[in-house]
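A.B. asks: We have chain E already, so just place chain G on it with the hints.
Respectively, the protein sequence lines represent chains E and G.
Counting in my numbering, the first sequence runs from 121 upward without gaps.
Counting in my numbering, the second sequence runs from 121 upward without gaps.
Any given hint might turn out to be false.
Stated by the list, open to error - Take a look, some chain E residues computed to stay more than 10 Å from chain G by CB distance:
1) L272
2) A431
3) V449
Said to hold, decoys possible - Stretch by stretch, here's where chain G covers chain E in the computed footprint (C-beta under 8 Å, at least three residues):
4) 221 to 229
5) 275 to 285
6) 305 to 312
7) 323 to 336
8) 351 to 364
Because the hints were derived from the structure by calculation, they are not lab data.
Idealized CB from N, CA, C, for every residue including glycine.
As a plain string of letters, each chain reads:
2 protein chains.
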Amino acid sequence: MEFSMPVRPQRLPRLFHHCLLRPGDVPPSQDDLKVVGAFNPGAVETPEEVVLLVRVAEAAREQRAGYVALPRWDRGANRVVLDWFTEDEVEFEDARVVIVKSTGRKRLTSVSHFAVCRSRDGRTLDAVGPIRFLPASESEEYGVEDARITPLEGRFYFTYVAVSRHGVATALASTGDFKTFERHGILFPPENKDVVLFPETIGGRYMALHRPNPAQHFSPPEMWLASSPDLLHWGGHRPFFGSTGDWDRGRVGAGTPPIRTSAGWLEIYHGNDRRPNDTGIGTYSAGALLLNLDDPSRIRAALSEMLVPEADYEREGFVPNVVFPTGVVTRGSSLLVYYGAADECCAVAEWRLPDLLSRLLETSQTPEAGRFGSASST
Amino acid sequence: MEFSMPVRPQRLPRLFHHCLLRPGDVPPSQDDLKVVGAFNPGAVETPEEVVLLVRVAEAAREQRAGYVALPRWDRGANRVVLDWFTEDEVEFEDARVVIVKSTGRKRLTSVSHFAVCRSRDGRTLDAVGPIRFLPASESEEYGVEDARITPLEGRFYFTYVAVSRHGVATALASTGDFKTFERHGILFPPENKDVVLFPETIGGRYMALHRPNPAQHFSPPEMWLASSPDLLHWGGHRPFFGSTGDWDRGRVGAGTPPIRTSAGWLEIYHGNDRRPNDTGIGTYSAGALLLNLDDPSRIRAALSEMLVPEADYEREGFVPNVVFPTGVVTRGSSLLVYYGAADECCAVAEWRLPDLLSRLLETSQTPEAGRFGSASST
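Excised from the complex, chain E in its bound form:
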């Protein structure tokens, strides 16, 4: 293992953590597919339970020597079909991504959908499925990924990544019961991921964090803030937060949807430590931000490396050394953070919310390196 544990003065130990779900726990959506990942779960509390929208990544069950199967949702068939390429026809970028040599375009080795899972205590799962949210259009043909759920005005809205021949975009859907779903289309065109909605309007506007991924690197990917009159049309785009240190020098993106606390909006975000010319994917850890309640562009405090890969299921797996928070629930003074581990499993970790807020307010200065509060006016 390349991973070693440096001294991390800002860390606040987890009180509890647990691997909730592994790929083998989820039945595939089709007979010809196998589940290779069950990770990056959106999470929300309903009156009865915690509901998770787990990303289920599936690949071809059949293996043919000398061939690579690339799955794709097909409009005509309204199901996932397999495109078989010879090994010579594709080039592996990493375990997830290949380049089709004839076109120079990328494809994924798996295709993802969401399975609705339920937990009464928030710490162990009671039910996996059977409800699924499956790809349903050309803009989702390479899969739907990484749901983030926000309760808004009596309904559950979730953003998700829609991957297709048109790129990696973020779309919106909603549900009242996690049985039937309504799609609202693409909110942020390619390439944009890690979109989280605030659970209330602020100054009469819906608010979101998003993370553009530009082709040209004038900056490393940064989080941006945007606002909307109606959840469907977005503007007021401004740079919000970038790297603060080595642990997030390669990439930052929103993790969990912001939640209201007495000290401000709490946002748990991910950072990646990959250097520009490093090979490999690097380590994904998580930090926390505390934002002004009336103006979330004002960052009150930041905590680096709140959650780093430590458990076996975080340090080993489909992509080693990844913790990737995508959901958060509070229960009394407990903060439960749901996250993907090693791009393979779902896990939950617990902190005392008052301890986390104290640590944020005690140890953090407003992080000048990461914020662009004064830089955003045009």
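C.D. replies: Frame of chain E; chain G shown alone:
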């Protein structure tokens, strides 16, 4: 010269073309800068004249042996300052772009603003400046580029590219008189260019074409369509049009703002013929699209290579073999297209509008390769 003229059956000869403006015709905005480009002009007809917003690219006037000067608008100074690097500290990507080795981030070798130019006959310039639209915020610190002007509700709106340490975004500004300007902020976050506004609302919505440039190449860059209730917040994003042939296999993007004609919305767009692994920038040519007036996602006809680099000032210059349309005006039956030539000069070319529309309707099938009309529903 690498350029050679293939047979182009769809071409419709220009009736007139003329180089309007060269860098030497424009006084620099500061004593320590020299003008290296006067190109990619936005254009609009007012009751008196045609007004152009010409992109003026400026670089350091001083040359120091062994050093490279990178210009940047500075908030404190409220002017362009020069950052000097040793030649060892930067790597040239092309004549316009360097990578600063210490950070891995890009910078530009020139910084652009707009000069207001005027023409009574639309074919020759009467005045260059003195009004300028200069960078004015951190999101514009590496320059403002490629204005596209649309008259809307009695005011002139123009989109423009804002380049900064936060990436390449598209912003909006407006004016009533081309003397004072109002900024409306960033409409499309990084990386997005080639944004044109339709001159009317359609079904109660403002409409735009835009061109995301994703980091991951699941597709080559494509034009997308979006809509807005207020010009500031944008949604309804859907893929609109992609490559149709060799001439635009590398890149397509909107060129001139769409104009209403009897046969539909006329959009003149650019295409680039660079293959994925080619070195160099490739050739930029222009084609035309005719869109349904009530539903511009429906493409009636397409014409490839309406305008290709032929004149000396199109084939030789700062970036050889570039024609890049950014403005259009009709006068009687004349269609005047304003464009950047070789990333260096402004030029105008003329066609008879009825001939162009006839050619579009006669020779074009609806281009299946390039359209995504039925693919956009989510």
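A.B. asks: Does each hint fit the structure? Answer for all of them.
C.D. replies: How the hints compare with the structure:
Remark: the non-interface label on E/L272 is consistent with the geometry, its nearest Cβ contact in chain G lying 16 Å away (cut-off 10 Å). The non-interface label for E/A431 is consistent with chain G: the shortest C-beta to C-beta separation is roughly 30 Å, beyond 10 Å. Under the 10 Å C-beta cut-off, the non-interface status given to E/V449 relative to chain G holds; the minimum distance is some 28 Å. As drawn, the stretch 221 to 229 of chain E meets chain G at 4 residues by the rule of a beta-carbon pair under 8 Å; at three or more, the given contact holds.
With 4 residues having a Cβ less than 8 Å from any Cβ of chain G, the stretch 275 to 285 of chain E passes the three-residue criterion, so the hint holds. For the stretch 305 to 312 of chain E, the proposed coverage by chain G is satisfied: 8 residues have a C-beta within less than 8 Å of a C-beta in that chain, meeting the threshold of three. Evaluation of the coverage hint for the stretch 323 to 336 of chain E: fulfilled, as 6 residues show C-beta separations to chain G shorter than 8 Å, against a requirement of three. For the stretch 351 to 364 of chain E, the assignment as covered by chain G holds, since 8 residues bring a beta-carbon within under 8 Å of that chain's beta-carbons and 3 suffice.
Checked against the numbered hints above, the structure breaks none of them.
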